[in-house]
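The two chains are supplied separately, each in an independent frame; assemble them into the complex guided by the hints.
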Amino acid sequence: MISEFRVVGKPQPKLDAIEKVTGRAKYSSDYVLPGMLHLKILRSPYPHARIVGIDTSAALALPGVKAVLTHKDMPAYRPNPWMPLLTDVARFVGDDIAVVAAVDEDTAIEALGLIKVNYQVLPFVLDPEEALKPSAPKLFPEGNLIGGAPTVVSRGDVEKGFAEADIIYEARYKTPTVNQAPAESRVSLAKWEGGRLTIWDSTQGPFEVQKGVAKALHIPMSKVHVICEFMGGGFGDKGYPGRHQILAALIARQTGRPARIELDRDEYYVAGLRRYAAVIDLKYGVKKDGTLTAIQTKVFANSGAYAQFAAAALGVMQVPMSVYRCANMQGEAYTVSTNTPATGPFRCVGHPQGTFAQEVHMDIIAQKLGMDPVELRLKNYARLEDGDQFRKIPFTSNGMEECILRGAEAFKWKDRMKVASQTGPVKRGFGVAVHACSHGGMMPGMPLSGMVKVNSDGTVNVFSGATELGAGQKTTMGMIAAEELGVLFSSVSVTTADTDMTTDTGATSGSRQTITGGTGVKMAAADAKNQLLDIAAVELKVDKKDLSIRDSVVYVAGSDKGTPLDQIAAKAPGGVIFGRGVMKIPTNVFFHGFAAQFAEVEVDTRNGHVKVLKIVAAHDLGRVINPLGAENQIEGGVIQGMGFGVSEDQIIDKASGVCVNPNHLNYKMLTIKDVPEIQTIMVESVDAVGPYGAKGIGEPPYSPPAPAIANAISNAIGVRFSELPITNRAILMGLKAAKA
Amino acid sequence: MEEEQDMSPVGEERESGKLRVSRRSFLKGMGVSTAAAAMSQAVVPPLEAETAPLVKGVREATIVTEINGRKYRLAVKSHWTLLDVLRRELGLTGTKKTCDRSSCGACTVIMDGKAIYACSLLAIEADQHKITTIEALSDGENLHPIQAAFIREDALQCGFCTPAMIMSTKALLDSNPRASLTEIKEALSGNICRCAAYPKITKAVLSLAQKA
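As you go down the protein sequences, you meet chains P and F in turn.
Every position in the first sequence, counted from 1, becomes a number in my numbering once 1 is added.
To convert, note that position 86 of the second sequence is 68 in my numbering; the numbers rise steadily by one, no gaps.
Quick caveat, the hints were computed from the structure, so don't treat them as lab data.
Treat the hints with caution; some may be incorrect.
Using 25 Å as the maximum straight-line C-alpha spacing, the simulated SDA-like pairs for lysine to any residue come out as follows [unchecked claim]:
1. 224/P - 581/P
2. 27/P - 130/F
3. 674/P - 163/F
4. 193/F - 126/F
5. 674/P - 169/F
6. 11/P - 419/P
7. 167/F - 614/P
8. 167/F - 71/P
9. 612/P - 172/F
10. 167/F - 670/P
11. 185/F - 462/P
12. 454/P - 547/P
13. 545/P - 573/P
14. 669/P - 172/F
15. 216/P - 71/P
16. 419/P - 607/P
17. 415/P - 682/P
18. 615/P - 191/F
19. 369/P - 721/P
20. 193/F - 629/P
21. 193/F - 677/P
22. 216/P - 163/P
23. 454/P - 419/P
24. 674/P - 185/F
25. 669/P - 573/P
26. 615/P - 168/F
27. 289/P - 224/P
28. 674/P - 160/F
29. 674/P - 111/F
For reference, chain F alone in the conformation it holds in the complex (with noise of 0.2 Å):
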């Protein structure tokens, strides 16, 4: 059966020497689990024979996904993340990929209102889900509050992970707008500034968690 085949990429690979185990290659054999499970669940169309998978593992599927307000029907394979979405198939290069392994945050964005890593949602679980990215936060030149805000602190250095360390803020304030301190540091923890310019940042969420 394929579905067997699918399982072993882990141990093929190191036989073959190569360094790594990829989150992606075991997402590849658990793929066909984590996507049947979600599929279910899911409107997807069954998979056409004729459609013949170029990496072993890999289905394709379509999923109903509001990005930004706009509704995107997108066929997506099995293992791709909702990163790989973003960035690859839309051009939503805002939200960026640092780690690939929800260690760092440089993904986040919002989906239905919660902050989460876009590296390690599949993109099919992104079915029938809202997400919002740094794109659709300003409006033109008139720039969202928390984006004026990390402007005029400095809050930013080589600005990679700034975009979502804006979000992590947005998804935050939006909950809890008069948010603490404590609260403000627990809520970015998972958002890793490599320039670390966490003390800017810091005081960027906070003036604008004392003025709500």
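Pulled out of the complex, with its shape left as it was, chain P reads as follows (with noise of 0.2 Å):
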């Protein structure tokens, strides 16, 4: 067949990969400006403790240091719920005391030694369950439960579906606290000039930068210019006002001169937002032909000192009440403050902690059945028809039996028992996860939106709030509006994350910007469109429904001649096309990432390691915008997947509250030796709401690879795992125990 598309569904390098490959890009942690004064934080030693008093006098004296800020100096802006700009109780070991600007990094870090802190040391608790003892000491006032009781969710009578069961099976999962560890640091340069604000930030929120730091500031939203044209990764953490920029700022306004701040990285591991550790409690009901009949559920988010989201566990609770088709739920949500570095999204939000301990429960209970673990899936996934049982809200597609479907016969799923008898030391094994959960949500209130400019030559401008953080969202941009408008692709630039360009389309995080991004771009174009083709009907002396655009050129129906479109666009009555697509959301409409990942993977069972030979990740994306972008996605979410599967752990001493692996060399990620096999199929179920029928692929392609590898080690050694990561100690403690 072919494509009704002229763009859409063709591989395309990444518009901004020549600035990219050459070095040229400017990212914001390489800019500098003349009289910049450099920022250091003085961190917390204590993983709780109330400042008794603060002396800045010594380092206000050091040659070369132009401000010490600490709490008394701080506007009561908050930029969570719980996160003071510079706090007076230290609730965490890296929590953020005072901030020194100098004229050069070395002499702010001198300077931070000359600061004399009277810390009034606290009891602290870094668990949980123990944070909710009433016992425990209190990290706020109203305690450490956020919200003061637990959120509950129920549907049918949970009860009632366990007496139908025939199998019970309940277990407990646990998943680490995980680094998004992007390229670049959290960095922010803030240039205050002119009763203007500019800043160069690493975000993938600009128009949440500037409305946080023009509440924290008090100036108006047009007096700041946010700015983040490169930006070396994010993944969750960069979405919101931090507290760095708003330091940034301060220091600008209050010197006068530049203030730039990068966080080094043992400070980022503790600084930013880490994806939240959660203890799972699943019991599920079963009858014997594998019809789930209740799904009972508990969560304990361990949300750190400052939680970004006051739903964390729910996030989590999301999966095991929204994936299966279930008439009988019942869940309790604990999202709970600990004295450990502040949490927020990582590739979702509770997502990958939910999927990994759904999807491994689920492969148990088909080994208790006695069923395969594809069909006991594909019996209870939630059908198109079901929907969203957790939000209550329709699916606008459903490639969930297509991914499974595709991705068993890719990967042979049936042959997978006609293995060898396995003798050796090294063990094969054979494993399977689904995910399906909401991402890019359109939510009334959010914006969306976008800017196109067909200038006289015929070329286009496209504007987008979006961030380009790596996922190739300039590209998409341009793509769309190409289509859209019938130019040639290689016409088109786009400008993104620009709050004095662009248009607010909310923050580039949730799988969201293929969606709001790209409808706001697509209205934008087909505003443009319709401008261009009311002139061309003047000109040409036609009916303007019959007029088309192919590749940048104008035709009438029923002729092949056509008009080149820069004969048309220069006859502009303003000169200029200026299409604007903007959209009052009115309902909540979440999109689904549907998908199957199988994994085979070999267990060395003299070493304890793990060696992923193959992944085949079959993702519903409803349309493909870009194939070449989409799949290099999904490839990169496998593999940070497998990372969480099998050594990703930032590690807090239970003793001192202290991270011991801040850094990349004890923080384990995979690198390119790791790398297996991966089989990309991509199923398109053409979205009903989505630009094209596209729905977003960011976070979908990071949560099934640890259960698929926990079921596949699984099948191999016959030692079951509810604990991420599945270390080679993990390993061998695990064939140990089932020795004894």
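Shown next, in the form of structure tokens:
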């Protein structure tokens, strides 16, 4: 079948690739300004302590130091409901106590050592269940349980469901704190000039930063210009205004000099928003034929000192309460403050944690039933007509069955048991996991917009508030505009993430921008095209409805002879054509990224090493805009998700609250040597709402690898793992326990 | 003696409640002996009394280094890294800083034909050496074949690790133009790509090695 599209669906290298491969791309961390001050943060050495006194005089007296600020100098603004800009009560090791601004980094570092802080050390708590005990030290006067009570969600009658079940299986799962670890740290450079603030920031949410800074400094939004042209990754950590942007802005205003802050890598590990660790209790009731009769869950999210989300635990709970159809469900979610680093999103809000627990749980149930794990999933997955049972909204499309079936076929799942008997020390195993979680929300009141300009020579500029954080947002926006307008992709330039030049279309998070930013750009392009056709109808003296634009040429129906677009664009009454796309979102719409992944592993029982040999990743993208970029996204997500499965763990020492591996050496990320063969399968369910039927693909590939690998490991060695990461040590301990 | 004071910053930082024992502070302490060793080989003017160091233990030195085919005479401090000099002093920002502790590879440059981590080489150690950075790879709009292959195969996402990944690739292919898949993975295993564009990077490099 010949595609109805000219640009959409064709592999497209990245629009900004030349700048990136030549090193000319200027990231926010690459900017320097004359007279720039360097900021350094004094961080708490204690997990919990009240600051009784703080003396900054010696630091201020050091030549080259231009400002030292503490909690006493801060506005009341908070980057999130719990996080002060600088604190008078340290709530984790690394909490921000004071900021120094100096003429160079060395001086700033030396000045930190001259600040005298008198701490009253307080008892601390690191574990969320411990933190819920009445005797636990309290981080906040209102207690450690956010909201004061668990969030309880129920549907049907869970007790009745268990009574109907033939098998009831109950288990506890744990996932660790993990770090986004983007290549570029958190960095901000603020310049205050002529009553206007400019911030070069490494941010997924330039407009969120603009709003936050305006609020914190009590200045109008129009006076705050946030720029993020190139960005070295974010993965969820950089979607919000944080402490550092505000501190840089305050210092720039106070000193009249540009102020730059870049978190050192060891600071980044503790001072950003980490993915919260979770403890997940699951109890499922199931009939002999595999039908789920009851799902009961309890989730404890360790949201650290300052939760970005009050609903952190609910995000985890969403997985067991929406992926499979079940009439009887009940869940309790506890989001708990502890004396550990602040937490937030990382390639989803809770779904990687929930998916690990659920997909291992389902695998064990399949084993207990003597049922093919793929069959069990096919039997129970939530159908199109079931909709999202958790959010109680319809699915906009549902490609789950196709993902499972095509993935299983490509993986040759049916042949998996034909492996010759495994007598050697290296065992081979096969596993599956599915994933179906809402992402890319459109919610009433959320911005959705885009702008398109057609120049007098027929070329096109696209302006989108989306951030290009590596996923190819610039390219996607350009492709959507070219497709909608009917122009050559080569004639399109794209500007993103500049609050002076583009419009807010929501933070680039939640696998959102192809959908929201893409819709804004598509609407803007349609608006511009409509204006172009008005002009063409007059110029060519034909009926507008007989006109079309293809490859930057205007055609009249029934004729192959076209008029180059520049001849039409040049006749624009105002000298330019300006298309606007903006939409009031009427109701909640969430897009569901369905997926099935299959893993083949080898486990060396002598040293516990797991070698992932192959991953088949079948994903429902609705419609693929750029197959090249989409494949890259899926592969990258799979590899990051593998790291969550077997190696990544940000470890906090139980005795001191200190993060003991705040560096890329001891926080184990996978390298190119760990990469298995990855086969991607792109399912196009053609979404009812997204542009050309597209859905997002940023987050979905991340969640399934960990459980698919865990299930494959179990298939190989007959030992189940309920805690991540499944390291060599865990394998050896598991084997030892199984023998005992 | 001043040197003795210089050896203690690690302990001092712990006491003052600072979280980190930084590599830089450590070098500040250790830098004297390291610098002394390097200085015995390099042509460096003696320290003048009036060039009072801003930070305890910091010495200045002059190095002569060839960077991207151009000779530079550079006044550097003994604890500065080559990365500091490239990015901060020379504005060559194509070389990136991610970990600053030789564990991610984002600062990879080529010194005398070998891929090295610029964050973990003291600037004084670059004296009398030849450095190539990403900025020297393309000639205006004419891209190096490695750069063209990276674009074609979409061997990048955020692009932050890309210049370093390309420099590691160049060091590999310059010495081993027909590198095998295993050799490619070995040579690039010191470069972390957090976006994990690894399959596409492998494909791009392999396409060059197979053409050679």
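Those earlier numbered hints the structure runs against, lowest number first: Checked against the structure, the hints that fail are numbers 6, 8, 11, 22, 23, 25, 27 and 29, while the rest are satisfied.
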